[in-house]
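Student: Fit chain B to the given chain A structure using the hints.
Number of protein chains: 2
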Amino acid sequence: MSGFQAPSLAALIDRFNRLPGIGKKSAQRLAYYVLSMSDEDARAFADAIIDAHSRIHRCAKCCNLTDEELCPICRSSKRDQTTVCVVEDPKDVAALEKTQEYSAVYHVLHGVISPLNGVGPDQLTIKELVKRVNEDGVKEVIMATNATAEGETTAVYISRLLKPLGVKVTRLAYGIPVGADLEYADEVTLVRALEGRREI
Amino acid sequence: MSGFQAPSLAALIDRFNRLPGIGKKSAQRLAYYVLSMSDEDARAFADAIIDAHSRIHRCAKCCNLTDEELCPICRSSKRDQTTVCVVEDPKDVAALEKTQEYSAVYHVLHGVISPLNGVGPDQLTIKELVKRVNEDGVKEVIMATNATAEGETTAVYISRLLKPLGVKVTRLAYGIPVGADLEYADEVTLVRALEGRREI
Chain A
155 MSGFQAPSLA ALIDRFNRLP GIGKKSAQRL AYYVLSMSDE DARAFADAII DAHSRIHRCA
215 KCCNLTDEEL CPICRSSKRD QTTVCVVEDP KDVAALEKTQ EYSAVYHVLH GVISPLNGVG
275 PDQLTIKELV KRVNEDGVKE VIMATNATAE GETTAVYISR LLKPLGVKVT RLAYGIPVGA
335 DLEYADEVTL VRALEGRREI
Chain B
155 MSGFQAPSLA ALIDRFNRLP GIGKKSAQRL AYYVLSMSDE DARAFADAII DAHSRIHRCA
215 KCCNLTDEEL CPICRSSKRD QTTVCVVEDP KDVAALEKTQ EYSAVYHVLH GVISPLNGVG
275 PDQLTIKELV KRVNEDGVKE VIMATNATAE GETTAVYISR LLKPLGVKVT RLAYGIPVGA
335 DLEYADEVTL VRALEGRREI
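Residue numbers (the numbering used here), protein chains in the order written: chain A, 155 to 354; chain B, 155 to 354.
Treat the hints as calculated values from the structure; they're not laboratory data.
There may be inaccurate statements among the hints.
[As the list claims (entries may be wrong)] Derived Cβ-Cβ restraints for the label pairs, each shown as a range:
id, chain 1, residue 1, chain 2, residue 2, range
1, A, P226, B, T253, 53 to 63 Å
2, B, K252, A, G350, 37 to 47 Å
3, B, T302, A, S231, 51 to 61 Å
4, A, D168, B, T236, 52 to 62 Å
5, A, T253, B, T253, 51 to 61 Å
6, B, A339, A, V332, 38 to 48 Å
7, B, A327, A, S190, 25 to 35 Å
8, B, G291, A, R197, 35 to 45 Å
9, B, D290, A, S190, 47 to 57 Å
10, B, T236, A, S192, 29 to 39 Å
11, A, E341, B, A334, 25 to 35 Å
Since we're looking at a predicted model, the values are computed, not measured.
Positions of the beta carbon are idealized from the N, C-alpha and C atoms, including for glycine.
Looking at chain A on its own, in the form it has when it is part of the complex (with noise of 0.2 Å):
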């Protein structure tokens, strides 16, 4: 089928064709729009892959992505720097400052402990998060891992390793998504709902 398409199509196709969720069709949608844009638009386009790939890189304190010594959040005099919530991704910083109700700062492990990945502590940035709690007076260290089995191996992993240096641990709660309905919810979750359960 690539026989007749031309060397630079075809392999701009399978540059697509290379991202994560982009498949065939996908990926020759996208190079058949590229080649419809201005040529401004496409050095544009180029231009924004080199640049955001050289120039970011991890924050010196929380490892969250940023093209500076150190994230504006890290910076930021607003941001209450003695407690530290624990994410696996940039994405999950992403999602809770879209919530605009967190004040403190995150700390980024760039993924999960995942034996079965071949993933272990030393590949994450825990030994970056247990020097900021010795180091920078940090109170409270929030475990906002997913709650997948990896999530929960992680944080449990953690929360063992920063307890003995006198810090609290917490972890973000479980029980039903607001808005959804009960029976819909899986047993796990409406057991760890009870558990939870508070005085109204």
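Tutor: Okay, now just chain B, sitting in the frame of chain A:
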């Protein structure tokens, strides 16, 4: 939400978000993926965009996309140059080539007549098609525009232009898609399938 995000990262997310079918969440996912690429891969991705965009243009004969004067299909001596299959889009050429059953040449219109979207015959490559029929000894033109109202209108419009030139104009057959259940076929398709019935 973007206040804490590095400008170069926000810019890359925005560029992905402009692509068709890529929403905010997907754009974010793709941008983070780019950041996780090796230097080489990021550079190769950016180069592929510039490369394809600058090299690819329309074939001088069939208007399909190519990086040479004539596309490989128009250049090929194995292809019957007297039968021309008229399609809306380069993607349709890819679909027909995949069948490996069509051994003649194509003509890519780059759209359909669509007054609602402000597309008239002049924006398509109809002039180029008429020129080919006049000058290149074309014997048959197969209209393979989509089976939509606009595709149909375009096919009828072009066939009226070409028939006075003494060329045979045909249309792809309508009918039940192979493997489909009769009960799910719409009425129009069923009527067309009945009209086009053949002796077995």
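Student: Compare the structure with each hint and give your call.
Tutor: Verification of the hints:
1. A/P226 to B/T253: 53 to 63 Å: Since A/P226 and B/T253 have Cβ atoms about 55 Å apart, the given range 53 to 63 Å holds.
2. B/K252 to A/G350: 37 to 47 Å: violated, 55 Å
3. B/T302 to A/S231: 51 to 61 Å: holds, 59 Å
4. A/D168 to B/T236: 52 to 62 Å: violated, 34 Å
5. A/T253 to B/T253: 51 to 61 Å: The hinted range 51 to 61 Å holds for A/T253 and B/T253, with Cβ atoms some 52 Å apart.
6. B/A339 to A/V332: 38 to 48 Å: holds, 44 Å
7. B/A327 to A/S190: 25 to 35 Å: holds, 31 Å
8. B/G291 to A/R197: 35 to 45 Å: Holds, at about 42 Å.
9. B/D290 to A/S190: 47 to 57 Å: Between B/D290 and A/S190, where Cβ atoms are some 28 Å apart, the hint is violated.
10. B/T236 to A/S192: 29 to 39 Å: holds, 38 Å
11. A/E341 to B/A334: 25 to 35 Å: violated, 41 Å
This entry does not satisfy hints 2, 4, 9, 11, going by the numbered hints stated previously.
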